[in-house]
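Novice: Per numbering that gives the first Met the number 0, the very first residue in the sequence shown carries number 0; after that it's consecutive.
There could be a bad hint or two in this list.
Capping the alpha-carbon separation at 20 Å, the derived lysine to aspartate or glutamate pairs in EDC-like fashion look like this [to be verified]:
id	residue 1	residue 2
1	K9	E111
2	K9	D128
3	K135	E124
4	K135	E31
5	K91	D21
6	K115	E12
7	K97	D67
8	K26	D15
9	K57	D108
10	K115	E103
11	K9	D101
12	K97	D108
13	K57	D67
Pair by pair, the computed Cβ-Cβ distance ranges are [said to hold, decoys possible]:
id	residue 1	residue 2	range
14	T28	P69	32 to 42 Å
15	A132	E61	17 to 27 Å
16	T28	D131	16 to 26 Å
17	T60	S22	17 to 27 Å
Read the hints as simulated data drawn from the structure, not as lab findings.
If you're wondering where the values come from, they're calculated on a predicted model, not measured in any experiment.
From the three backbone atoms N, C-alpha and C, an ideal C-beta is built for every residue, glycine too.
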Amino acid sequence: MVTLSKHLLKGVEIFDIGTHIDSSGSKNTFTEIDLQNIVNAFNNGITIPVKLGHTSDKFNTEIAKILDLPVGILTGEDKNNTGAAKLGTVVKLSSNGKLIADIELANDDIAELISKNYFDNVSIELVYDYIDAGIKYE
């Protein structure tokens, strides 16, 4: 069960074992070992930001207005190519056949949007063979 306490969203299921189709249409199968490797990478200091994605232009415009941000900053499509605005950060990650995250939200506005059910879908971005500080994560 997901709970929201001030800026902390607890118990969010963000991914599970099984076969998934990525954004390029490729099928990939993930096991409990793969999920545990993701948890291990997180425990080794890999930061997991929470961003907006897979949303319509109309939705992005509405959220940007509420957050008082330019749409390009929110979506990462600004002229400076700075990447999408971070709405929060994963602060705890565990696996039991599913990846379960506790997420610290960036501010009260984000927390209010979540409490009003503006966001009803979770999708993660996985980077294969990610290298950080000379360590390769598969």
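Novice: With reference to the structure, classify each hint as holding or not holding.
Specialist: The hints, checked one at a time:
1. K9 x E111: holds (15 Å)
2. K9 x D128: violated (28 Å)
3. K135 x E124: holds (17 Å)
4. K135 x E31: Within the cut-off at roughly 19 Å; holds.
5. K91 x D21: violated (24 Å)
6. K115 x E12: It holds: about 19 Å lies between the C-alpha atoms, which stays within 20 Å.
7. K97 x D67: Status violated; Cα separation ~34 Å.
8. K26 x D15: With a Cα-Cα distance of about 14 Å, the restraint between K26 and D15 holds, given a limit of 20 Å.
9. K57 x D108: With a Cα-Cα distance of about 18 Å, the restraint between K57 and D108 holds, given a limit of 20 Å.
10. K115 x E103: With a Cα-Cα distance of about 17 Å, the restraint between K115 and E103 holds, given a limit of 20 Å.
11. K9 x D101: holds (4 Å)
12. K97 x D108: With Cα atoms ~28 Å apart, K97 and D108 exceed 20 Å; violated.
13. K57 x D67: holds (15 Å)
14. T28 x P69: 32 to 42 Å: About 39 Å separates the Cβ atoms of T28 and P69, which means 32 to 42 Å holds.
15. A132 x E61: 17 to 27 Å: violated (39 Å)
16. T28 x D131: 16 to 26 Å: holds (24 Å)
17. T60 x S22: 17 to 27 Å: At roughly 22 Å between Cβ atoms, S22 and T60 fall inside 17 to 27 Å, so the hint holds.
The earlier numbered hints that this structure contradicts are 2, 5, 7, 12 and 15.
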